[in-house]
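A.B. asks: So the chains spell out like this:
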Amino acid sequence: MTDVAVDISNVTKMYGSFTALKDVSLAIQDNEFFTLLGPSGCGKTTLLRTIAGFEDITKGAIRLYGDNIADLPPNKRPVNTVFQQYALFPHMNVTDNVKFGLLRLGQDEATASARVGEVLELVQLTQFADRLPSQLSGGQQQRVALARALAPNPKVLLLDEPLSALDLKLRQAVRLELQQIQHETGITFIFVTHDQEEALTMSDRIAVIADGRLQQVGSAREIYEAPSNKFVADFIGETNLIDVTVTDISNGNATCTLPSGATFTCPAADGAQKGAGHLSVRPERVAMTKPAKSLLQGKASRQIYLGTDMHVEVTLDDQEVVTVRVQNSETTHIPSIGETVGLNFEAGAARLLVD
Amino acid sequence: MAKKLDIRRFPGFLPVTYLCLFLLYAPLIIVMIYSFNDSNSITNWGGLSLRWYVDVFWGVESEKFKTAAMNSLLIAVAAAITSTSIATMAATAMLRAGKFRGKSIGFALINLPLMVPEIVTAVALLIFFSMIGFTTGYLTILLAHIVFCIPFAYLPIAARMQSIEEVYEQAALDLYASRLDAFRLILLPLMTPGIISGFLLAFIISLDDFIITNFVKGAGIETLPTAIFGAVKQGIKPNIMAISTLLLLVSVVFVTLSYLVGRMGQNKK
Amino acid sequence: MAGALTTSKASNNSTYAGLGNLLMLPSWLVIGFFLVLPVGMMLIYSFLTKEFRGGIIWEFSLAAYDQFFFDRGLFGDDPARIEWTYIKIFWRSIWQAGVATFFCLLIGFPTAWFIATRTGNSRSIWLFLITIPYWVNLLIRTISMKFLIRDTGPLNEFLISTGIISDPIHIINTNFAVQLGLFYSYLPFMVLPIYASVERYNFALSEAAADLYASRITTLRQIILPTVKPGIIAGCILVFVPSLGAFLAPDLLGGAKTFMIGSLIEEQFKGNAGNWPFGAAVSMILLSMVLIVLTYYARQQSKSGER
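Chains as they are written, first to last, in this note's numbering: chain A, 2 to 356; chain B, 51 to 319; chain C, -19 to 287.
I should point out that these hints are in silico values taken from the structure, not numbers from a laboratory.
Take these hints with a grain of salt, some might be off.
No farther apart than 27 Å at their CA atoms in a straight line, the calculated lysine-lysine pairs in the DSS-like style are these [unchecked claim]:
#, chain 1, residue 1, chain 2, residue 2
1, A, Lys23, B, Lys149
2, B, Lys283, C, Lys237
3, B, Lys283, C, Lys68
Pair by pair, the computed Cβ-Cβ distance ranges are [as the list claims (entries may be wrong)]:
#, chain 1, residue 1, chain 2, residue 2, range
4, C, Phe13, A, Gly187, 55 to 65 Å
5, C, Asn(-7), B, Leu238, 12 to 22 Å
6, B, Leu100, C, Asn153, 29 to 39 Å
7, B, Thr93, C, Ser268, 39 to 49 Å
8, B, Gly96, C, Ser146, 23 to 33 Å
For every residue, glycine included, the Cβ atom is placed at its ideal position computed from N, Cα and C.
Chain A with its partners taken away, still in its complex shape (with noise of 0.2 Å):
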């Protein structure tokens, strides 16, 4: 059975002539691992402080397990925050953090000490129970934020990029004990992040947002294979954009005249028209061939070593720059500066998208 945890109808936040969150819906499934996706300032942060209720909303409404929660201050929901920066208390140590939203719920001494001590464990800080936030490195302070939100057992835990202010390795690290927690635990999770990698390693689905806008939900298969707009191509991995003109859309198949002046069809985005669209092709399923038997045609302009893989620009007769991912081993042949070569590509590689 699936339940809605988070249920976001049309939610929309102005400040003042700013819209900073546009008309959003979207419904967050239980024991989800969910993630929203975006550039900076797109409105992913505040939809999420819409959710733990430090932003108002304008206009929509917000259901919690089918309760209205837009009206309510923050400290009348059953939902906790990890902190960007995570917040600990300067002044408490690690066991009263993470006790201080159970005291704040009414739980007695006994009972709110017990489930310190199951929540350090669980986050492995049981040995650092005395010490105080600065004493501790950011890895760990990044658990005790864990711990300290997880204490009162949220019905859903907000993640605000906690994982932004750690270094790389360790950053690496903490995702998969996240994911793990997550599914120890059976929390609904709202993860925050601008990082697409992150978002693709970790999440059951992503919400893509830009400007304030939905751009796309689903799983980080369907986001990265199958991009339903020109945003979520180009901001998910690299692409290549190729202007195409579509005589023809049907059964979800467009057929498009290439700039080359060939006829392709590919499978098209819901809501493509016809008419001037785009071909979005990702640069490792484009292939270079004899000019002959090609697609398109065109001149490499450019090398850029990239370690176990090369980038190879070729620059087409219309001046579209296409580039094409090659890997570096002896038996590949990678054209010098100046030669003429083809490019192909298969029709489950390119997907028209919407403008």
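Please arrange chains B and C on chain A, whose structure you already have, making use of the hints.
C.D. replies: Coordinates of chains B and C only, in the frame set by chain A:
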């Protein structure tokens, strides 16, 4: 090798700084030295002695100065406690209550006592108290002191509150704390250094005031500054220098304390 | 207040949103009651008639302001001529305060600059040394100055004993003594705001100027001074305004010839003159002047803020 040009340095600024310090401290140090003068005259040097300190505590005028000192102390403590509480609430309104009607005029109000010249405040209060038939006495002095101590207490308190991120209180609210709990358990403990600084500065300011006190004090009631002023009007006597030295040391101790508390708070962060 | 309470459901992201006016209430009560209201009453008083023996009569009168600006002869029936006595006292006060401000700037700017260009601990120690005298009782500092510059005081004794002079220099009770006293009273007020703006000054600007062939003096004139100007103006106001209404320095260090506004006011209430409406009127004139200066300052600040 080319001579390195230090753009921060201007020749002559160091000597001026020394001159500045010299000008600020020389009169005070000379008075301190002369307070140990074993001579009835303030002009001649008669060797080192503590006789004027003995005179301050046990001499002919000692009762007068002790009473005045006690008045000053009690008023300063009461004024500092009251103005610190008021200033803490005001700072919370200014920095933690978002936008509200009357915010900018409220901010101007808090700083008003700094803008009105002291002598004008003194005159206005004297007129006000006599107009409403308020008997001048301890209470009038205390009320006046609370008013002009508020902005001084406000400065370090607001500065401290500004340096504390609001996210701590948000975290408390997120963890089911009421707003009162968030204030009591989170903001107030974190504010402590600022509040102590504010209290100490308000205390010193109250202890120092002469002009306003002189106007609003009742007949026969003296604080230390008004008592000293009255005595100096008859000419500077050696016991004045001993009292001055003592009061000077009190000020220095309090300011040093306030400074150290402020630094302690910063280091903790 | 009712409106404020209904918006308290996390109406904006401030913790105590909606409680602003409640938290401001004590400040309003205390400052409103014991400063704003009294100043208002002082304004009313300045338009009342004086009683012969120091009190007032509740009768509207412009006599206090008239006395300040016009001379109508001994019996009050001569044609009005400008009365220079009080205007001169004001002019002297402005002059004295101005001279004190000038010297504070002369000493204060290099000091502030020097301190702001120190680093770490050394900077905070310098700053601390400059602030201490400010917190020492103003009365005591003024007494110290009086003690130092008396005809038979340590300064004259020192100068005579070193043979620089043979007769004591007469400083006390002169304009110079008052200027010195004001300078000494408010010098830290000049240093602190200038220090604050030099501290924010981006020294890369000086480097850029030097790189573009500017000399030290050119850099100071064309780059540094315009940038730290707000601090300099703030310092000047912080020295000038309290100097204008100062009482202790002119009273203890000056004499009859150095009479300033503060003493003029004091005399109406505490001294022999006993003319409360006139004292209130003089206070109002002083307050208006100060408010004009402060408004000018606020304009300047908001202008530089807009940039």
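A.B. asks: Output the indices of the hints that this structure fails to meet, ascending.
C.D. replies: none
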